[in-house]
Amino acid sequence: MADLTLNDVTKVFTEDDGNEITAVDEVSVDIEDGDFLVLVGPSGCGKSTTLRMIAGLETITSGEVRLAGQRINEKPPAERDIAMVFQSYALYPHMTVRENMSFGLEESTDMDDNAIEETVEDTAELMEIEELLDRKPSDLSGGQQQRVALGRAIVRAPEAFLMDEPLSNLDAKLRATMRTELQRIQDDLDVTTVYVTHDQTEAMTMGDRIAILDDGILQQVGTPLECYHTPNNRFVAGFIGDPSMNFFEMDVDDDTLVVDRFAYPLKPAQQEAIAGKSRVVFGIRPEDIRIKEPGGISDNYQFEVTIDVVEPRGDENTVHLTFDRNVSDPITFTATVSGLRDVSAGDAVVATFPPDSIHLFDTETGVALHNRTFESEDATKQVL
Amino acid sequence: MTHGPAAAETRSLFGYSLRRIAIYGILIGMTMFYLIPIETGVMTSIIDPTSYTGSFPYLPPLEPLVGGTGEFSLQPWQGALDGLSQGLVNSVILVVPATIFSGLLGSMAAFGLTTISWRGQVGIYALFVAGIFIPYQAVLVPLTQFWYNIVPLRAVFESLAVLPLVETYHWKLVALIITHIAYGLPICTLLFRAHYKKLSDEMVEAAQLDGASVSTIYRRIILPLSVPMFAVVFIYQFTQIWNDLLFALTIVQFGDAAVVTQELVGIGVSQSGTNFPLRMASALLAALPTLLVYIFFGDKFAEGVSA
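Protein sequences, first through last, are from chains A and B.
Position 31 (the first sequence) corresponds to 31 in this note's numbering; numbering is contiguous.
Heads up, this note's numbering is the position in the second sequence plus 1000, with the first residue counted as 1.
Heads up, some of the hints might be wrong.
[Claimed, not checked] Below 25 Å or equal to it, Euclidean Cα-Cα: the simulated DSS-like pairs (lysine-lysine) are: (1) A:K136 - B:K1300; (2) B:K1300 - B:K1197; (3) A:K136 - B:K1197; (4) A:K267 - A:K292; (5) B:K1198 - A:K136; (6) A:K277 - A:K292; (7) B:K1198 - B:K1300.
Quick caveat, the hints were computed from the structure, so don't treat them as lab data.
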């Protein structure tokens, strides 16, 4: 068990025609001993490349990876004492589950056969795969193969676990179960873990901390709630959360934001945050928007809107709203309401954008100028 | 389609549908078409040479079989075995190591060129591919020069001949083995490479992370997964090398080291005419090993081709 540090890690791929592509650009993250870090981002953002550099499967163009304080850039994968779980599971098809799990111990330790056998059986018990030990991977279901792949990583008791989208080949139900189980196991073993996924739900639910990557550049590192409520920029705000945050590009008119179909008054602190800007991006999360019966508009934060589409999800409904259905380019946005609420397309309602729930971003750079009010005791502790 | 079988059922002959009869008819016809040459060969090989002319070669010998004794003539087979025995032994000495080493080295080369990535491997691989296209005719003279005038293999074997089972003429077989390995290597590498490209990269990476060295990955992961491809390569190389005449004529030329194909050329031919039964028996005898290889490894071969 050890802490893992990435220091300005960069990966440049040189194509055949001499073009250079920067896949990972000066990424720095500290992962404390026993921490569960989720690297999340859209496809092609460099998250898998980062993981492969930690594993030693890709060379590091510049920067440094340290494990337990030791620089490991030059070490071959075999000497890094790191175990990895692959998306395809990558089990050895000609070996039984037992042989798959013993392989790493045979190759990387001096343990005798009895000790290996015992360790494998203990791990198999932990993973609840004892009865599969003498079967070949081809005889196992996807979920069972997944367990074996995890077991193969765990059995070696490595300094760190790397997981490359390990749950993405499972069906939704099993994925949810494995998510919980993985967290439980990681918690029990207390091994430093880096987990790569493109699924923001996995990132939010599993990580002690999450690191959001886009286009090879680290956008934000923080606890899931920090990233959710106080995003560094528009990308993070839009990527984390499902359904996504609503964005409106608006003109600044003194103390008010204006766009074709609505105007939004700002509080003094918000005005200060955007001082000097003529245009900003206004953001608000769907669950922060409140919907009520039409009529009785009592303040400037309320707007008359029409329901365009309703997506029922059971526990809640996602409603797509528009200021005016009858124009060619209606401004639409989404809000979530309780699943028991009776809403249907075409209804006229009043939407409230509470002023302490809004985010403001720079139009060009996307940097967050103002985030919603968010008080978290955990967050303050992290800072200290 | 639901009416198809029912309609076919109505047009039947002795309770069998016409379609079924047609299928069996074609299959039996094709079987006969393929087997008749072999059957003719077998029949010819058990006819007494003196009664060969004047009978249909594909019919069983009627009489006289062996001078009126009522027995089939095994004389041609006896003659073939006597005439080819030295060649058969030499061919086995040649083909077994040449096949195994060309397969094994081809597999190793493909592993190094496919599974492991390193600078310049594409250039090396291009050389391998180019090797497939070098015509035999272009290398015949250099090959003779090489083995007879440059490499002192003969001298080595002259001193080794004191050992049991080693003869001086074996140097020609060793030269032939090395030549066949070298010539077979490109195609073997190509076949294995196609197989290794389909193996999962992640599996090899998992083995790397598990602490396995390059040689361990080959020995414990890649080699066991290559078994079906080895069947394909072994059958292919065995047949190629066993049937080769050109390299044998070039390198062995004549003498004790002659392989079975060389001996087959001259057997049964004399000034008094051609002994067809003897030639036929010899041809069948010389073809027997390749036939056996197909029979015993055919299922593995099919598995490897479809893999």
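### Query
Which of the listed hints are broken here?
Violated hint: only 6; rest satisfied.
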